[in-house]
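**Student:** Protein sequences, first through last, are from chains A and B.
Just so we're aligned: the first sequence equals residues 1 to 454 in the numbering used here.
Just so we're aligned: the second sequence equals residues 1 to 625 in the numbering used here.
It is possible that part of the hints are untrue.
To be verified - In silico DSS-like pairs for lysine-lysine, Cα to Cα no more than 27 Å straight-line:
#: 1; chain 1: A; residue 1: Lys445; chain 2: B; residue 2: Lys188
#: 2; chain 1: A; residue 1: Lys445; chain 2: B; residue 2: Lys350
#: 3; chain 1: B; residue 1: Lys595; chain 2: B; residue 2: Lys188
#: 4; chain 1: A; residue 1: Lys169; chain 2: B; residue 2: Lys285
#: 5; chain 1: A; residue 1: Lys445; chain 2: B; residue 2: Lys285
Hints listed in this document are in silico derivations from the structure and should not be mistaken for laboratory results.
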Amino acid sequence: MFELNDTIVALATPPGRGGIGVIRLSGPGSLQILQELVAGDDFHPEPNVLTLRSLIDPATNETLDRALVCYFKAPHSFTGEDVVELHCHGSPILLRAIIDVTLTLDARMATPGEFSLRAVANGRMKLSEAEAIRDLVDAQTDAAARQATRQMKGEISHALQPLQDELLKIIVRLESSLEFVEDDLPLIEQDHLIASLRDLRSECDRMASTFSRGRLLRDGIRVTLIGRPNVGKSSLFNGLLGHARAIVTDIPGTTRDSITESMGVDGVPLIVTDTAGLRVSTDQIEAIGVDRTRREAADSDLLIVVIDGSESLTEEDHQVLSEAVNRRYIIALNKSDLGGFSATRITDDPSSIVSVSAKTATGLDRLRAAILEPFTNGNANGEGLLITNARHHDLLTRTIDAIRSSENLLLDRASEEIILVGLLNALRYLGEITGETTSDEILGKIFSTFCIGK
Amino acid sequence: MVFDEFFDVVVIGGGHAGCEAASAAARLGANTALVTLNLDLIGQMSCNPAIGGIGKGHLVREIDALGGIMGRVIDRTGIQFRLLNRSRGPAVRAPRAQADRTLYRLEMRRTLEATPNLSLRQGVVTNLIIENKRALGIELQDTRRIGAKSIVIATGTFLNGRIHTGRRTYSGGRTGEPASIEFAEALKQLGFRVGRLKTGTPPRLDGRTIDWNSFERQPPDEQPVPFSFSTDEITQEQLDCHIGFTNERVHQAVRRNLHESPLYSGQITSVGPRYCPSIEDKVVKFPDKNRHQLFIEPEGYDTNEVYLNGFSTSLPAQLQQELISLIPGFEEAEIIRPGYAIEYDFVDPKELTPFLETAEIRGLFLAGQINGTTGYEEAACQGLLAGINAGLSSMARPLFRLDRSEAYIGVLIDDLITNGVDEPYRMFTSRSEYRLLLRHDNADDRLEPYGRSLGLVGDAEWDRLFKRRARLAAVRQLLKEYKIRRQDESYAHLTALTGQDLGDSLSLAQLALRPGVTPQTVSSILSDAHAEVTLRDLETALADHLYSGYLETQTSTIRRLHQHDSMKVPTDFTFTQVGGLSHEIVERLERAQPKTFGQARKIPGMTPAALSNLLVHLTAAAPTV
């Protein structure tokens with residue numbers, strides 16, 4: 001549910017790569033978060049004026065970005081509250097990282113439409129009819145995304161329901177032992193209870209941990225093709241895309257600038273970038289292209305290192321492979337249609353090596369599958385459900401913390417009513433996703449589980 | 001209109017709600033009359049002879065702190081006091097007492113008769129006199145008319161009461177007493193939405209025919225904890241209760257005869273309380289349980305009558321006798337009064353304001369079982385609130401209400417008027433989201449200031465509260481300052497007790513949070529140097545200390561979730577205008593007609609998405625400041 005007193009954060013510019021990305025904070029803590037980000041308690045920005053500052057992660061002291069920051073003092077802001085805007089460089093990974101840091105500084109992910117809601121609540125936005133705000137809410141996501149969220153909402157509730165039921169069962173045990181002390185109830189075994197809570201928490205943990213992959217699936221996986229010149233990056237790019245978008249010639253270094261296109265694979269958005277071949281070049285334009293390739297590579301979630309499988313590895317190939325080290329990457333061994341092709345040319349151990357022929361389109365499906373593999377697999381129970389919504393992730397994290405605190409109290413032999421504080425809060429957090437459990441429902445569950453009463 | 005008599009406040013009904021209502025109104029200064037069917041049965045305990053328990057005991061403490069009378073009456077007439085949940089935290093402990101049924105009734109009558117401004121009248125109320133949506137008075141069967149500025153209706157199970165034993169059913173308000181038929185009809189005529197509820201009661205046995213050695217003895221507390229803050233000590237003799245069990249033979253007999261039970265023959269269709277199931281329900285709904293617990297409770301000092309708690313039934317009387325004798329120890333037991341089920345009318349409490357006044361008719365207040373609750377304590381606290389407000393209303397003073405965060409009474413009334421009832425409503429501590437705050441031992445601190453400003457708390461009680469507050473402040477200070485050191489004599493014992501190393505020095509406040517440390521532990525440490533610290537004060541101070549860390553956790557989430565609850569739904573608001581709501585949700589909203597967002601939130605089946613949408617619309621519709 002909406003809250004109006006805390007500080008919320010969200011990306012204000014459309015998701016994806018842009019020249020700049022604007023992160024907006026609104027709420028009483030905005031200024032303080034800004035001060036912590038720029039590592040200056042004494043930073044008192046003049047309202048409505050842009051200032052260039054380095055943004056620093058207070059936990060690691062690492063500089064995140066040089067950004068133009070601006071403070072809008074309440075009530076003279078979009079929402080009528082203290083607002084801070086961070087105009088950063090437009091890398092999605094960078095923007096995510098900065099938002100993550102603000103979350104550790106006590107901001108909360110805004111729900112869709114929440115900035116507008118605050119604006120309305122504070123009288124900053126005049127809306128003659130209520131419908132308009134809903135349009136605003138909807139406008140923040142495109143039709144497809146809306147559809148996806150809707151489906152996801154149902155799916156997430158569905159996946160969380162067993163957890164909520166299990167939590168309710170534990171609450172019911174504890175509540176009934178408090179309320180019906182004179183009744184002939186089965187004893188609660190503490191070890192059993194702790195084990196149940198631990199299982200519950202690890203299941204919540206597992207779901208929460210899918211978030212990093214989940215939000216890639218929502219926002220799109222950024223895939224960059226890299227390789228030395230003339231290994232067939234652009235041909236593969238066109239092959240993946242299904243039409244000739246990039247110019248393909250036999251002349252090494254044809255691609256001077258990066259081209260980015262979106263495509264869907266199995267319903268997952270991919271943002272694929274074809275880049276200029278990496279080599280030391282004396283051509284100034286090509287050199288700029290190479291530079292850009294490195295930046296694209298740094299921004300991507302997955303690299304596809306394209307290697308000509310019909311030739312021996314060159315020094316340049318090794319150079320490219322070394323660029324990919326420590327990154328998530330797969331190798332596309334191209335030109336499998338040629339005579340000299342050997343699938344065992346590479347002995348390194350990337351996530352995956354796919355033999356492919358851009359020319360004959362052989363192996364493209366395997367390549368597509370290999371792109372998705374690191375993001376969709378490894379889901380312990382293979383249920384495939386990923387948390388994609390930041391608010392859901394936030395609530396799951398709170399649930400986990402609440403359950404953990406109750407576990408510790410249980411170990412300390414605290415009385416049930418104290419242990420229940422955390423568990424009831426956990427139930428409320430889960431309820432914000434799946435629907436509220438009223439005290440009457442808890443009582444109902446008690447009466448259907450135990451024979452209570454004189 | 002010509003009246004035979006005229007009062008500021010008239011209270012209809014002399015049960016637990018009616019008694020509190022009449023007493024409160026009169027003591028506020030309103031000239032009050034209590035009208036009841038039978039003056040000899042004022043304060044009658046119609047069901048089990050006990051007051052208090054978890055949740056209910058909290059209510060009695062709150063009634064007492066506000067200046068009500070139930071706590072004092074039970075303190076003088078209780079025959080077995082027990083503090084429940086002693087092994088658990090202070091927030092869920094609560095006092096409970098068995099009463100001498102007759103003494104309780106007489107003490108209540110004596111208390112009312114000693115109250116200035118209060119007149120008792122016997123009579124059968126048949127109608128209300130209403131003009132321009134304002135209550136003016138009542139009509140009695142004997143044609144008397146009594147005028148009043150405000151009226152409290154507290155008729156309990158008497159409205160259209162129908163008693164069932166086996167296939168036999170007859171009209172009655174309680175066993176042996178007539179129901180109110182005409183008055184029930186009159187309320188319906190006034191347009192109140194009326195429903196039916198059911199409750200039941202077990203048989204009473206002749207104690208001389210019981211083999212007491214067959215049952216486990218349940219002794220009273222050695223140090224009885226009183227209900228009233230003004231009672232220093234319980235001095236009367238305390239009695240034992242006993243515990244027994246049903247067995248498979250009984251269950252089989254119940255199953256064989258289910259067709260004889262009006263609950264299962266279709267004769268009774270209304271809903272009874274799930275937490276007070278009949279023996280028929282217990283056997284049918286929990287077939288795996290091979291025994292059910294029974295409490296064998298004395299009804300008083302000077303009677304052989306024994307209450308068989310846990311054996312509520314509406315099976316035929318002859319069959320009840322048969323079933324009882326299948327229980328070892330009851331082979332020879334004789335039933336004095338058979339158990340029965342009773343169905344009665346209640347008025348949908350959603351038609352009430354937080355002051356328990358009807359929204360439709362000014363000056364008319366409803367309290368107790370008529371509002372769909374069950375239990376003496378639930379009835380009494382409503383009676384108190386309704387009586388206070390009827391009195392205030394008659395004197396044109398502003399009305400009085402309690403918030404959910406202040407008192408269980410506030411929780412109860414809010415639940416009733418927001419959700420209505422679909423089964424008899426009983427208090428549980430889990431109904432309150434502020435459980436750690438609403439303790440029985442701090443009810444005086446929470447509520448006595450209200451009682452005082454209303455005029456219900458006398459000088460002596462007020463003085464006592466102030467002294468206690470001062471003592472508690474001193475105890476808190478002492479807990480912080482008093483240090484236990486490694487070289488102290490008690491140190492080794494405390495290390496053993498907690499199983500922890502306690503460091504070189506720690507305060508009593510810190511010690512109290514360690515596992516295994518009880519208020520008694522702390523008390524014994526203080527007993528030499530600080531004999532002036534009572535265990536009662538120590539318990540309260542330690543409870544505040546124990547919970548202080550959790551209160552923030554408890555309340556912050558609630559605040560977050562409930563902060564929009566007071567947002568009003570405009571009267572002309574149409575739910576269809578909220579886009580994105582399913583047809584079903586719109587229907588639910590239209591049926592419930594919530595007046596605030598908080599009420600909408602509590603409608604069953606509301607999804608978070610629907611509530612977000614609604615909230616956005618309400619926010620947009622709300623006038624901006």
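**Student:** Does each hint hold? Answer for all of them.
**Tutor:** Verification of the supplied hints:
1. A hinted pair counts as satisfied when its Cα atoms are at most 27 Å apart, and A/Lys445 with B/Lys188 does not qualify at roughly 34 Å.
2. Restraint check: the Cα-Cα separation between A/Lys445 and B/Lys350 comes to about 24 Å, which is no more than 27 Å; the hinted pair holds.
3. A distance of roughly 24 Å separates the Cα atoms of B/Lys595 and B/Lys188; the hinted pair therefore holds under the 27 Å criterion.
4. For the proposed pair A/Lys169 and B/Lys285, the alpha carbon gap of about 19 Å is at most 27 Å, so the pair holds.
5. Between A/Lys445 and B/Lys285 the CA atoms are separated by roughly 14 Å; this keeps the pair inside 27 Å, and the hint holds.
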